[in-house]
Amino acid sequence: MSFSSKTLISNLDLILAGFFLCITVLVVIVNVALRYLFHGGIYWAEEVATTAFIWSVFVGAAAAYRYKMHIGIDFITKIGPHPWRALIAVIIDALMLAINGYIVYLSIFFIQSNKLKRTPVLDIPAFYVNLALTVGFTLMTLYALMFLYRDIRKLFSGQHG
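Note that the working numbering numbers the sequence shown so that position 134 is 134, with each residue one more than the last.
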């Protein structure tokens with residue numbers, strides 16, 4: 001199996017989501033084992049596990065959107081009448097672009113309003129936790145833009161389905 005920088009970049013969302021999920025699971029398992037065996041855990045484990053989980057959720061949601069794994073969005077296109085599916089796909093893509101773009105906009109304000117906050121245990125800037133929201137929805141916005149472009153081309157080329 002060959003591994004290239006192109007493969008890395010094209011799968012960065014999956015790699016990051018998987019990495020953060022592994023961190024979450026590893027930290028929780030180690031902390032539970034330490035509590036069970038030595039009656040004391042790692043004091044920062046919950047904060048690290050929660051932060052890693054937040055990152056895995058938002059980046060993973062973007063990866064799921066890229067692979068059309070959000071069943072509700074795809075379902076709407078599939079239930080429409082066959083001749084209208086291309087148009088329905090364009091409308092859904094435009095809505096997703098607008099909604100995700102607006103959430104990116106709001107997440108930037110959220111980060112700005114919390115820029116002085118720090119995490120309670122590790123005392124690191126909360127910016128690093130909150131940035132997951134912006135990164136995840138920025139990726140979803142980019143994917144929605146790509147889908148919109150693709151579906152508009154399909155609509156005007158006469159390809160349906």
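It is worth saying that the hints were derived from the structure and are not from the lab. Please read all numbers here as calculations on a predicted model, not as lab measurements. Be aware that one or more of the hints could be misleading.
[What the hints assert, rightly or not] Derived CB-CB ranges, DEER-like: (1) Ala94 <-> His39: 53 to 63 Å; (2) Lys6 <-> Ser157: 26 to 36 Å; (3) Leu14 <-> Phe127: 37 to 47 Å.
[As the list claims (entries may be wrong)] In silico lysine-lysine, DSS-like type, Cα no more than 27 Å apart, as pairs: (4) Lys68 <-> Lys78; (5) Lys68 <-> Lys154; (6) Lys6 <-> Lys78.
Every residue gets a Cβ at the ideal spot worked out from N, C-alpha and C, and that includes glycine.
Hints and how they fare:
no. : hint                         : in the structure
1   : Ala94 <-> His39: 53 to 63 Å  : 56 Å, holds
2   : Lys6 <-> Ser157: 26 to 36 Å  : 27 Å, holds
3   : Leu14 <-> Phe127: 37 to 47 Å : 24 Å, violated
4   : Lys68 <-> Lys78              : 12 Å, holds
5   : Lys68 <-> Lys154             : 17 Å, holds
6   : Lys6 <-> Lys78               : 32 Å, violated
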